[in-house]
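Okay, here's what each chain looks like letter by letter:
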Amino acid sequence: MMTQDQITIHEAHKLLKSKKLSSVELTKASLERIHQVEPKLQALVSITSKLAINQAKRADELIAASNTGLLTGIPVIIKDNICTEGVKTTCSSKILENFVPPYDATVMEKLNSLGAVVVGKSNMDEFAMGSSTENSAFFTTRNPWDSSRVPGGSSGGSAAAVAGGEAIYALGSDTGGSIRQPAGFCNVTGLKPTYGRVSRYGLVAFASSLDQIGPLTRDVRDSALVLNAIAGYDSRDSTSAPYPTPDYTQCLTSELEGLHLGVPKEYFVEGIQTEVEEAMKAAITKLEELGARVEWGVSLPSTPYALAVYYIIAPSEASANLARYDGVKYGFSYMDASSMWDAMEKTRQYGFGAEVKRRIMLGTYALSAGYYDAWYLKAQKVRTLIRQEFDQAFEKFDALVTPTSPTVPFKIGEKVDDPLQMYLSDVCTLPINIAGLPAISIPAGFADGLPIGMQIIGKPFSEETILKIAYAYEQATEWHKRKPEI
Amino acid sequence: MKLSHEEVLHIARLARLGLSEVEVNRLQEQLSNILENFELLQQVDTGNVPPTTQSITLQNIMKDDKVSNSLPKDQILANAPRKEGDFFRVRAVLGE
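As they're listed, the protein sequences go chains A and B.
Under my numbering, read the first sequence as residues 49 to 534, first letter to last.
Under my numbering, read the second sequence as residues 2 to 97, first letter to last.
Don't read these hints as lab results, they were simulated from the structure.
A couple of the hints might just be wrong.
[As the list claims (entries may be wrong)] Pair ranges (Cβ atoms, derived): (1) A:W389 <-> B:F88: 16 to 26 Å; (2) B:E40 <-> A:F494: 37 to 47 Å; (3) A:E526 <-> B:P51: 19 to 29 Å; (4) B:Q43 <-> A:S97: 52 to 62 Å.
Positions of the beta carbon are idealized from the N, C-alpha and C atoms, including for glycine.
From just these sequences and the hints, can you work out the full model?
Below, the structure written as structure tokens:
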């Protein structure tokens with residue numbers, strides 16, 4: 049059988065529809081690839097072989113009845129903070145190590161109704177708190193381009209799995225860059241939709257005003273196809289946007305004439321790697337050649353405050369969301385306790401890892417009596433300024449273009465002892481969550497064999513614009529066709 | 002912004018988070034360092050700026066008052082660390 053390790057959804061769909069390939073064959077190839085590369089990548093917390101084969105058989109029946117959507121019969125990997133009914137959902141945390149959700153997240157209901165095939169659940173930083181997967185309670189995922197380096201995070205398992213050929217696409221979640229930064233580090237396409245575009249129902253909550261689910265794919269067309277499948281209003285998420293969703297593939301043309309792009313200078317931060325800066329300049333020049341009008345040196349002056357704003361707001365929301373882990377209803381529970389409070393404190397002491405504890409502490413502090421105004425409320429006010437600057441920029445520009453991360457993937461262990469250094473690797477992505485905007489990271493260059501991502505940011509609910517720009521760039525370049533040797 | 006040992010213990014108690022002595026010392030240093038770096042926020046003039054709690058403009062989302070299905074009890078209890086009959090089993094709340 050021909051090798052399917054690096055095909056896209058739309059290519060696989062053609063093979064399935066023309067009956068050149070069955071979903072069972074495609075799924076078996078995916079599972080074989082997983083067994084072959086997983087010892088090296090360690091991208092997955094669970095491999096769901098039996099479920100996958102059953103879903104593939106059902107998909108083949110749908111295909112035989114000519115009842116197919118574009119995702120029917122296509123193998124997918126799901127980040128392990130998205131609830132899958134009857135399949136362990138751990139958040140890469142000891143506290144949820146044996147948690148089996150009794151229900152599906154809305155995105156899973158949608159994928160299942162289209163006949164998707166789930167081959168595994170991917171590793172992540174515990175509760176999506178991190179930029180490298182090193183905060184997983186289980187193991188660190190390796191970058192497929194260099195196994196001594198991190199794949200990025202927190203959706204590092206999803207990104208490494210797609211880059212490494214384990215499945216054709218993956219779902220991740222993005223609270224401060226957790227889809228885009230690993231996509232950039234692994235040379236795949238990662239889309240964070242507008243806050244409210246995709247239902248958060250069944251996504252284990254980290255920071256509820258920032259979290260969004262999105263796709264990690266091998267090209268921009270696939271990103272649009274997956275967004276088509278998962279976007280839309282959901283009454284079970286009260287922050288879900290009640291707006292109609294377009295067909296996101298309709299905007300995929302190579303024509304950028306008439307589009308006005310801004311390049312914010314604050315994103316070319318101090319400490320940016322020279323090769324990343326050069327790759328960005330070349331990529332943006334390419335966008336100009338494709339017809340876009342580009343203004344360099346645009347200023348969003350509050351950007352330097354975004355890191356502090358984010359690391360006060362996200363931990364504050366997390367400290368409230370994670371209060372539910374008390375060892376009573378589900379999850380790890382400390383049994384030898386002397387009292388109720390002792391049980392609760394020890395359950396959390398032994399159930400949570402170092403970064404999760406750090407953020408619970410930071411958030412609890414920022415919300416506590418006497419400090420609320422100075423920290424939490426102050427951060428929310430600066431959040432308003434950051435949003436307003438984006439609003440003003442989008443009066444003039446159709447989209448903004450920046451690097452996804454200031455560096456190429458860093459070494460495993462390089463930043464684990466210095467939380468602030470680790471936080472800085474998300475400096476280009478987290479302002480976007482603060483403002484609730486859509487953004488996509490696409491392959492845009494290499495430095496010494498390591499991938500560089502470009503981030504395209506749009507105004508709220510303008511996913512079509514950023515997909516169009518990303519598509520035009522992708523069609524004019526070859527970066528996304530480079531694949532790692534594993 | 003330097004946090005004291007006692008402040009770290011106080012926050013941990015608010016969060017109902019048990020910590021070893023080593024963790025308390027490490028968090029005292031790390032949180033102090035992080036907060037010191039975040040003090041730059043105090044320079045920003047936010048005099049007339051309202052806070053942003055969320056990024057979309059939706060407000061007061063209501064649901065129709067209709068009865069709908071909930072999950073079966075046995076499925077909810079399947080993940081419980083301790084249970085008794087149809088109930089979660091908890092430790093004594095009063096009497097300490």
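Structure-based check of all given hints:
1. A:W389 <-> B:F88: 16 to 26 Å: Once the Cβ atoms are compared, 21 Å apart, the range 16 to 26 Å for F88 (chain B) and W389 (chain A) holds.
2. B:E40 <-> A:F494: 37 to 47 Å: 38 Å Cβ-Cβ, so the 37 to 47 Å window holds.
3. A:E526 <-> B:P51: 19 to 29 Å: Distance hint for E526 (chain A), P51 (chain B) is violated at roughly 47 Å.
4. B:Q43 <-> A:S97: 52 to 62 Å: 54 Å, holds
Hint 3 from the earlier list is the only one contradicted by this structure; the remaining hints agree with it.
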